[in-house]
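Protein chains: 2
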Amino acid sequence: MQYHLNGFKPGNLQIPDAARIPAALPPITDLPTEVDVLIVGCGPAGLTMARQMAEFADIKTSIVDLKPGPMLFGQADGISCRTQEILEAFNCSEILAKETYQLYKNAFWEPDTKQPQNIRRKHKVDDARLGLSEFVHGVVNQSRLHDLLLEGMENSVTHLVPHYNRRLLTLDTEHSLYNDLSAYPITASFERTDAEQPGKVETMRARFVIGCDGGKSVVRKQLSISMEGDSANKSWGVMDILAVTDFPDIRIKSFIQSRDNGAVMIVPREGGYLVRLYVELDLLEADQRACNLDLGVDDIIAKAKRIMTPYTLDVKEVAWWSIYEVGQRVAERFDDTPAGNPQELTPRAFIAGDAGHTHSPKGGWGLNTSLPDTFNLGWKIAAVLQGKAHSRLLSTYGPERRKVAQMLIAADRKMSALVATRPSAKVAESGTKTNTADIEKFIARQNGFIAGTSIEYNPSFICTGFEHQHLATGFKIGQRFHSAKAARLADGCPVHLGHLNKADGRWRIFIFGDEECPTDTASAANQLVEFLAHSKSSPIRRYTPDGADIDAVIDVCAVFQQDDLSLQDLGPLLWPAKGIYALRDYEKVFYPLAHEDIYQLRGIDRSNGCMVIVRPDQHIANILPLAASDELGEFFAGFMLA
Amino acid sequence: MQYHLNGFKPGNLQIPDAARIPAALPPITDLPTEVDVLIVGCGPAGLTMARQMAEFADIKTSIVDLKPGPMLFGQADGISCRTQEILEAFNCSEILAKETYQLYKNAFWEPDTKQPQNIRRKHKVDDARLGLSEFVHGVVNQSRLHDLLLEGMENSVTHLVPHYNRRLLTLDTEHSLYNDLSAYPITASFERTDAEQPGKVETMRARFVIGCDGGKSVVRKQLSISMEGDSANKSWGVMDILAVTDFPDIRIKSFIQSRDNGAVMIVPREGGYLVRLYVELDLLEADQRACNLDLGVDDIIAKAKRIMTPYTLDVKEVAWWSIYEVGQRVAERFDDTPAGNPQELTPRAFIAGDAGHTHSPKGGWGLNTSLPDTFNLGWKIAAVLQGKAHSRLLSTYGPERRKVAQMLIAADRKMSALVATRPSAKVAESGTKTNTADIEKFIARQNGFIAGTSIEYNPSFICTGFEHQHLATGFKIGQRFHSAKAARLADGCPVHLGHLNKADGRWRIFIFGDEECPTDTASAANQLVEFLAHSKSSPIRRYTPDGADIDAVIDVCAVFQQDDLSLQDLGPLLWPAKGIYALRDYEKVFYPLAHEDIYQLRGIDRSNGCMVIVRPDQHIANILPLAASDELGEFFAGFMLA
Ligand SMILES: Cc1cc2nc3c(=O)[nH]c(=O)nc-3n(C[C@H](O)[C@H](O)[C@H](O)COP(=O)(O)OP(=O)(O)OC[C@H]3O[C@@H](n4cnc5c(N)ncnc54)[C@H](O)[C@@H]3O)c2cc1C
Ligand SMILES: Cc1cc2nc3c(=O)[nH]c(=O)nc-3n(C[C@H](O)[C@H](O)[C@H](O)COP(=O)(O)OP(=O)(O)OC[C@H]3O[C@@H](n4cnc5c(N)ncnc54)[C@H](O)[C@@H]3O)c2cc1C
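As they're listed, the protein sequences go chains C and P. Heads up: the first sequence begins at 1 in the numbering used here, then just goes up one per residue. Heads up: the second sequence begins at 1 in the numbering used here, then just goes up one per residue.
Hint data in this document are derived by calculation from the structure and do not stem from the laboratory. Quick caveat, the model's predicted, so the values are computed rather than measured. Watch out, some of these pointers could steer you wrong.
Covered, in the sense of this in silico footprint (three residues per stretch, anywhere, with C-beta under 8 Å from a C-beta of chain P), are these stretches of chain C [said to hold, decoys possible]:
#1 319 to 331
#2 445 to 451
#3 575 to 582
Using C-beta positions, here's what the derived DEER-type ranges look like [said to hold, decoys possible]:
#4 C:H499 x P:V157: 28 to 38 Å
#5 P:Q2 x C:D546: 20 to 30 Å
#6 C:L601 x P:R541: 26 to 36 Å
#7 C:V157 x P:D30: 50 to 60 Å
#8 P:D30 x C:G131: 42 to 52 Å
#9 C:G131 x P:E332: 49 to 59 Å
#10 C:T203 x P:I580: 22 to 32 Å
#11 C:Q197 x P:S566: 54 to 64 Å
#12 P:I580 x C:D58: 49 to 59 Å
#13 C:H496 x P:S537: 44 to 54 Å
#14 C:A302 x P:S566: 24 to 34 Å
#15 P:I580 x C:P338: 55 to 65 Å
Glycine included, each C-beta is placed from N, C-alpha and C at the ideal position.
Produce the complete structure using the sequences and hints provided.
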């Protein structure tokens with residue numbers, strides 16, 4: 001579908017341009033005075049946190065933002081493969097896949113050797129990320145991702161909607177209550193930002209607070225968490241435009257480096273007409289700030305035109321623009337426990353997203369790192385609040401996501417230098433850098449990081465079993481479950497196994513059978529299923545509440561190499577009776593597809609099989625041999641509460 | 001996703017079971033007194049008509065139904081490949097694809113030769129329709145299809161919503177006004193069916209009326225159109241149930257024939273728990289009606305249990321059930337002109353869907369034939385109302401769709417006999433028919449008909465060029481454009497060309513280039529593009545209104561075998577400037593994918609190339625050599641108005 005031919009129009013892209021009008025601003029309703037979870041900020045991090053909490057009827061969540069309503073314009077636009085996988089966990093990937101402009105090529109432009117005042121295409125290559133995920137990297141207005149998360153919240157069992165027009169002012173924390181999970185140790189104060197009752201102050205008590213309030217996070221400041229890293233001395237302009245140009249690669253992601261005027265990065269956008277340009281502006285003096293330079297969009301356009309010589313660029317409409325400085329900073333800690341946490345305080349306040357890491361937007365990593373931050377945190381807080389898991393689970397959030405933030409700023413430091421023709425004063429003195437080959441090499445090398453698919457959490461009690469990695473070399477412990485298809489035994493339907501990992505707080509055990517027939521009672525698979533179903537030390541028996549469905553806490557699926565099995569013969573764990581009617585669930589057992597064999601694709605040991613244990617955030621927690629039922633029990637006992 | 005575990009809940013399946021509640025009944029608003037198009041009935045036929053009309057801001061449409069609001073339960077559930085292709089034309093196929101239960105297998109069950117009172121699986125085969133379309137045959141509650149069409153109407157530029165609680169009583173037709181297109185020759189009267197103003201009569205004058213009011217169509221009766229065909233003497237029960245069973249193929253489409261008790265057909269349904277059973281009931285006496293037999297759902301369940309012996313069937317909830325008689329009838333004509341139409345009256349009233357053809361529901365053909373009926377009619381009425389086409393276009397509807405209806409009732413007659421163990425009194429006397437092999441053969445043979453993909457309209461002035469069929473053997477003239485992918489020149493993105501054929505009333509010319517480079521001015525492709533862009537006899541120049549975008553009436557796309565072309569060199573028809581800003585459209589030119597070559601897949605003559613002309617309903621109207629610009633002009637002159 002094409003959009004925005006006759007001007008950019010924000011809103012639901014499922015509605016054609018001519019009929020699309022932005023939704024009315026939501027009404028202002030009273031803040032609750034006491035909540036389990038307070039989320040500050042309706043960006044990707046906050047909304048992902050809220051989207052996840054919304055699934056739990058027994059958790060009271062409130063999400064606030066100082067803005068008057070949902071975002072309409074600008075900011076991030078790149079939607080990585082991993083972000084789309086997470087949206088699939090929220091059951092809404094297909095709309096985003098449909099609306100995003102998918103990137104299949106990269107082009108590299110340098111000064112023409114014959115006429116170096118002109119640019120010339122060096123070459124065009126396939127996007128390096130193809131094949132890393134079942135999803136393709138795409139670009140769309142960040143607001144559409146917000147919309148889908150908001151819609152999911154509203155359609156959930158809690159019908160959660162944000163409280164807009166609320167600016168967080170202060171957080172009062174009462175550390176003596178921190179280890180009492182039933183307490184509300186944090187008091188937040190807000191002021192109204194609307195015209196009706198401007199400045200009116202409200203307060204709310206919370207059991208947990210998540211600061212998703214962006215780069216200038218008030219939560220971070222209130223928790224006295226400092227930022228570490230470089231300050232900026234380089235500015236860029238970014239603009240979403242409707243333009244007429246004879247530049248041939250305007251619909252391809254292009255890196256342009258001119259000899260005399262700087263660099264441009266082109267990101268073609270959803271709908272076939274809109275395009276984003278990142279334009280290199282000048283170096284800043286040590287004490288200069290871009291916002292004080294009094295530059296406007298006309299300056300950005302003029303600069304872009306010079307860089308793109310000999311091509312024309314006739315800008316017809318600017319949908320959104322901004323000027324930013326490049327700098328890379330990461331928070332010293334991601335929660336409110338002091339370094340080392342000598343008193344073993346349970347963290348009760350967290351920061352996520354841009355509140356914890358700021359950097360340049362060029363890699364398209366801001367949104368795509370912020371959203372997984374809270375996708376990591378959400379299920380942990382839910383499990384602790386619901387009494388399903390020990391609060392020590394919460395201490396894994398900081399290390400896991402701060403590692404990613406550090407990789408992010410390292411990558412961004414590198415990338416920012418590569419795409420600029422004058423990355424620093426030092427280079428500027430010695431002339432211009434116009435080498436796009438190093439950009440290309442960097443992109444190829446950082447492939448999995450850019451796609452978000454190679455993010456790997458450090459070993460911990462929820463990331464273990466490395467000694468068994470060889471049993472399934474394609475499911476990397478600590479990384480996300482890399483989906484592959486298998487056929488469902490009950491009906492032959494090919495299913496992406498990764499799409500079973502929905503964001504419902506459940507753990508999953510994927511059993512990959514060995515060569516023995518699992519109906520043979522002597523087989524390892526059969527004995528494992530027996531253990532899970534009946535043993536007193538089975539984590540399923542231990543952690544599933546009485547009366548709940550057998551898969552309510554831990555969901556067991558199996559892939560068997562034999563394709564002539566009958567569900568009936570596999571026992572009630574794999575063909576469970578569920579719900580008020582004890583209806584059978586037919587969607588737990590699979591066999592490999594002939595032409596896309598999951599054993600081969602994911603390096604699963606055919607003779608030994610294995611168990612792959614997947615966290616509620618789709619990351620692989622553990623790999624175990626089929627016979628390792630004791631270890632399985634011990635693994636869950638490390639953090640689950642019976 | 002799974003739905004309905006704890007009981008069937010109608011409504012939007014994007015909302016999880018626990019949060020889903022049916023939408024409130026829509027408010028009652030006044031009927032307009034004068035409309036361009038009056039549609040009677042909110043079934044698949046009526047809604048498809050309305051969905052299409054809703055796209056046109058200059059056409060005033062009203063759709064009415066006697067029911068108080070949108071459908072919630074029951075009726076059809078099979079969504080054929082072709083129906084999904086049509087939904088893609090309405091830009092909403094992905095939600096249906098996501099919600100439908102996709103069928104990959106068929107199973108056949110007969111009396112066990114050793115214990116013939118029991119049934120036994122004969123065999124299980126792959127569904128024969130795989131590969132006929134880029135969509136897979138699926139099943140979902142008919143109401144979800146209604147919802148998507150209603151949503152599209154409401155989101156369109158006309159924001160069309162139905163008028164519920166209106167029963168059509170009479171149609172007054174004024175034949176003397178029929179050839180005056182500006183006149184309103186039909187007056188309809190309605191009575192209110194709600195409790196507020198029951199029986200209140202309203203009238204409306206219309207330029208065109210479409211009777212989509214089902215098997216007992218009042219429109220049909222008011223137009224004195226009679227039904228031809230068999231009456232029924234056989235009854236079946238159908239029920240959507242949540243049940244526990246040990247029947248192994250409950251999640252596979254299964255045909256069961258028992259020796260003593262009749263036949264069952266199983267259709268597994270969306271969400272993994274729901275299942276539909278068609279259950280053969282007894283033969284009716286000549287003057288018996290099923291509705292007078294006083295049978296209830298308990299009788300259907302009891303019968304199903306007997307047929308499925310030795311398996312158990314424990315029905316926990318019946319979501320919907322019905323008993324119907326088998327009979328096949330088709331209307332003698334589909335519009336209100338008399339046979340032969342000696343006065344050359346312009347048809348002003350039409351019937352579509354079940355109003356024109358009734359038959360058994362077992363083939364899943366009712367919905368899947370009703371919806372394409374009005375998909376055929378909608379664009380024709382729009383073109384005539386907008387003054388774009390001659391009213392003779394309207395006379396093609398009846399012959400094109402009545403042919404399909406006749407194939408439909410022939411197929412249904414055959415299928416109904418095959419799936420029953422006692423299809424008629426004759427067979428009943430001589431014992432039972434328990435041969436599923438003939439069902440399997442029939443399904444395999446009727447493959448394309450069942451998928452809806454082989455429907456082929458008769459030769460006419462909008463279905464012609466058979467002498468050039470050899471230029472593209474895989475695009476059958478009269479059949480729908482069978483989509484295949486090609487890479488977009490501007491960005492390398494693989495695109496399903498068929499999905500360009502949106503339901504916007506536009507014609508499309510697909511140019512498939514020959515071996516010559518299209519930038520070579522001597523090449524046939526270049527000359528064709530020149531002709532289309534500049535010649536006075538170019539249909540694009542003739543029929544596109546001044547000031548409209550160049551592709552507003554006829555959209556030209558091209559596939560060239562050369563993949564190193566530049567859009568800039570191909571001329572402004574294939575890289576057109578559009579809209580208020582004269583932005584360039586980069587989405588008109590393609591090249592074949594290396595591994596899915598459209599030339600090979602669709603049998604396109606590589607050395608000669610061709611033009612494939614596609615109607616607004618995605619059916620292929622004509623195939624012409626690249627040099628046949630005169631014929632192209634003549635083709636459009638046959639019905640278009642300058
Ligand atoms: C101007 C701008 C331009 C950007 N351009 C790009 C780009 O070109 N490409 C790219 O990839 N990324 C870009 N980004 C980055 C990207 O948008 C962020 O990385 C991403 O949105 C971070 O998500 P977040 O949820 O952590 O925070 P944010 O999206 O920043 O959301 C924070 C939210 O918190 C709210 N908030 C802040 N303070 C308070 C308070 N005290 N009380 C209540 N609410 C508060 C804000 O209103 C905001 O809605 C841009 C960001 C900004 C701000
Ligand atoms: C009870 C029943 C069970 C069915 N079961 C199956 C099945 O199991 N499998 C299958 O494939 N197909 C089944 N079908 C058939 C399938 O539903 C139809 O083929 C399909 O819905 C036809 O679409 P339509 O739009 O032509 O008519 P319909 O869907 O019948 O819609 C007609 C509409 O017109 C309205 N209407 C009727 N008269 C008037 C009037 N005078 N004024 C105003 N409005 C009026 C009705 O309320 C209705 O909404 C069943 C149909 C019925 C009625």
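Structure-based check of each hint:
Chain P is given as covering the region 319 to 331 of chain C, and this is violated because 0 residues of the stretch bring a CB closer than 8 Å to a CB of that chain, at least three being needed. For the region 445 to 451 of chain C, the assignment as covered by chain P is violated, since 0 residues bring a beta-carbon within under 8 Å of that chain's beta-carbons and 3 are needed. With 6 residues carrying a beta carbon less than 8 Å from a beta carbon of chain P, the region 575 to 582 of chain C meets the three-residue requirement, and the given coverage holds. For the pair C:H499 and P:V157, the supplied restraint of 28 to 38 Å holds, since their beta-carbon distance comes to about 35 Å.
Taken as a hint, the range 20 to 30 Å holds for the pair P:Q2 and C:D546, whose Cβ atoms sit roughly 22 Å apart. Evaluation of the 26 to 36 Å hint for C:L601 and P:R541 yields a failure: the beta carbon distance comes to about 54 Å. Remark: the range hint 50 to 60 Å for C:V157 to P:D30 is contradicted by a beta-carbon distance near 38 Å. A beta carbon spacing of about 58 Å between P:D30 and C:G131 contradicts the range 42 to 52 Å that was offered as a hint.
The beta-carbon spacing between C:G131 and P:E332, approximately 58 Å, falls within the hinted interval of 49 to 59 Å. Between C:T203 and P:I580 the beta carbon distance is about 50 Å. The supplied range of 22 to 32 Å is therefore violated. Checked against the hint of 54 to 64 Å, the pair C:Q197 and P:S566 passes, with Cβ atoms roughly 59 Å apart. A hinted range of 49 to 59 Å holds for the C-beta pair P:I580 and C:D58, which are about 53 Å apart.
In this structure, C:H496 and P:S537 meet the distance hint of 44 to 54 Å, their C-beta atoms being roughly 52 Å apart. Checked against the hint of 24 to 34 Å, the C-beta distance between C:A302 and P:S566 comes to roughly 27 Å, which is consistent with it. Between P:I580 and C:P338, the C-beta spacing of about 59 Å keeps the proposed range 55 to 65 Å intact.
The structure fails to meet hints 1, 2, 6, 7, 8, 10 from the earlier list, while all remaining hints are met.
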